[in-house]
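S.K.: The lines below spell out each chain.
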Amino acid sequence: MENNSIIQIKNLTKSFPTGKTNFIALRGIDLSLGTGEFTGLIGPSGSGKTTLLNIVGSLDTPTSGEAWVLNHSIGALSAKQAASLRKQNLGFIFQSYNLLAVHTVFENVEFPLLLLKYNASERKKMVMDALEWVGLTGKVKSKPPQLSGGECQRVAIARAMVKKPSLVLADEPTANLDASNSHHILQTMVKLNEELKTTFLFATHDEKVIGYLRRKIYLLDGKVDKDELTVGSKQSTVSSEK
Amino acid sequence: MIRFLLKGLLRDKSRSRTPVMVVAIGVMLTVFVHAYITGFMGDTIEMNAKFSYGHLKVMTKAYAENMSQVPNDLALLDVSELQNKLNKQFPGIIWAPRIQFGGLIDVPDKNGETQAQGPAIGMGLDMLSGKSRENERLEIQKSLVRGNLIREPGEALISEQFSQKLQVNPGDEVTLISSTMDGSMAMYNFRIAGTVSFGAESLDRGTIITDIEDVRQALNMYDAAGELIGFLPDGFYDDEEALKITQNFNAGYADSSDEFDPVMKSLSQQGNMGQYVSLLKVWSAYISLIFVVAMALVLWNAGLLGGLRRYGEFGVRLAMGEEKKHVYRTLIYESVFIGIAGTVVGTAFGLFFAALLQKYGIDISGMMEGASMMMPSVIRARITPADYYLGLIPGLMATVIGSMLAGVGIYKRKTSQLFKEMEA
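In the order they appear, the protein sequences are chains A and B.
According to this note's numbering, the first sequence is numbered sequentially starting from 13.
According to this note's numbering, the second sequence is numbered sequentially starting from 2.
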């Protein structure tokens, strides 16, 4: 694995059994992502972007080929090691937020820190910092059903970022949001990417997200169709606004 | 972490209140049914013991073989000596000689002619010596409907139903027509001291109770008795203890072939009481097993439905880096918490309803008319120490088994599959 790479994928194939035949979701993917990237896997439904994101997130394993994430070979990890990798280094943001409905905003954001066994005072400080990044310090005691979609996704971002992970994986993070909230969320993620140097990898086909990406990896039928760096992304607007 | 999970459990009513209610209902039923069965079956056993079988019974070997016919011609002789021997060999056990007999009760009119007649089952009890506490044991004072207890020789009590049928009242004279121990005809006059109602149809139909000395005189059974009935010191039947005593006593006569030698039988060795005692012994296990299986199935299904709803939560927790093993373990912890809470609530309610049944009882005398088996006419529960912890078996086991079965889905699904379900 290259030293400056956070993710390195070589000739990765993933297939799923469907009755007597196999459905091939990914076919010989080769990719490399460096630290601090703000990159998206772009493609239509069924192109393999979520499957690839799952493998990078150690939620699934390759059928063949190699996937290295933070110097860990995903295929060789035990369930315990995979859980440890996710706990220590990865943050997830989902399309439908997936907040724990019966817990408050504070408790939702606190959960990853409980797994990492931080003490109460450290947890409180880190949670409040994370909520400040996403502008939700006033909603600490609210529960998800009392929040708007945009606010829920900001809580989800705070939850993903609270432990300051090396890599955040976001699967269609704006799919359930309106344009205004989508931009707000994306600007928050860009800011965190720049300030904390966290690597973001998106799976998306949303134009609003694509507009913010610095690198776009187009997938089609399980293969990398195009891999391009963007010069004039909206991030420059964000940067210039700052 | 535990506090975090506990908060979630308490706030999510479908994960806490509903399962706790299901467990509580199951436990309540287990405790209540156990107390009810113990009360009903225990009362039936004790009633049969008091009136007929004793906890232990000594008879001649020949009498024992034909016990159902109450063959007084095969009765024990020299009973006082045998009773002394038993008192020495088994101190603490109370022995009471009894003679059961059958006969006709004849009620004369003013002219001495038969006015009414009816078949009677008689019991000669030690009512006047003050040694055997038969009055207390059979609660005759409580059962007295009219008149008095037997105070002097020549007096008898008859069942209230029987007295109405024969149209006799306390103070009236009746004649017992029966056969002596030697097979000749016996006629003996009694004065009715009072009438009794025991609440057991088979006893209340046509019973006459007299002092044993009168019966001995009437049936030529001097210092004889059909049976010597023994009662264990703590007043309740203990099958293991009774069997030990029986073995011990019978060992002394094992080599003898004399059919008039005494033999001892425990309550469970008489009639069909053995089945009854066995049933009472295993009943707790049966009830618990039934409720464990039934509730485990219910909770398994509830767990599956709840689990499906919670796959989203499990997916998030796995994504955060929690291990499947830990998620599964927390499910079990939750079920232990729910099981204990449900058991406490269910036991409290079960005991409450059992206490009501113990105090007030349910009168089933209307259903007992014509019944030949000696059963209490008022059903009462009996709360025993087991009722305080019995609910833990179905309450905790069923909940944990249900959760374990439901939680297997976490292992069977790939993590990424849980994610798909989470996103669905």
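There's no promise every hint is true.
[Said to hold, decoys possible] Chain A side only, calculated, beta carbon under 7 Å to chain B, not exhaustive: (1) 36; (2) 99; (3) 112; (4) 127.
Keep in mind that the hints were calculated from the coordinates and are not lab data.
Here a beta-carbon is modelled for each residue, glycine too, at the ideal position from N, C-alpha and C.
S.K.: Quick check on residue 127/A please, does its C-beta sit within 7 Å of some C-beta on chain B?
M.R.: holds, 5 Å
S.K.: Taking the closest Cβ pair, is residue 99/A under 7 Å from chain B?
M.R.: It holds, given that the least Cβ distance between residue 99/A and chain B is near 2 Å, below 7 Å.
S.K.: Per the CB criterion, is residue 36/A less than 7 Å away from chain B?
M.R.: Constraint on residue 36/A not satisfied, violated at 16 Å.
S.K.: Go through the hint on residue 112/A and say holds or violated, using the shortest Cβ distance to chain B against 7 Å.
M.R.: For residue 112/A, the interface hint holds, since the closest Cβ of chain B sits about 6 Å away, which is under 7 Å.
Hint 1 alone, counting from the list given before, is not met by this structure.
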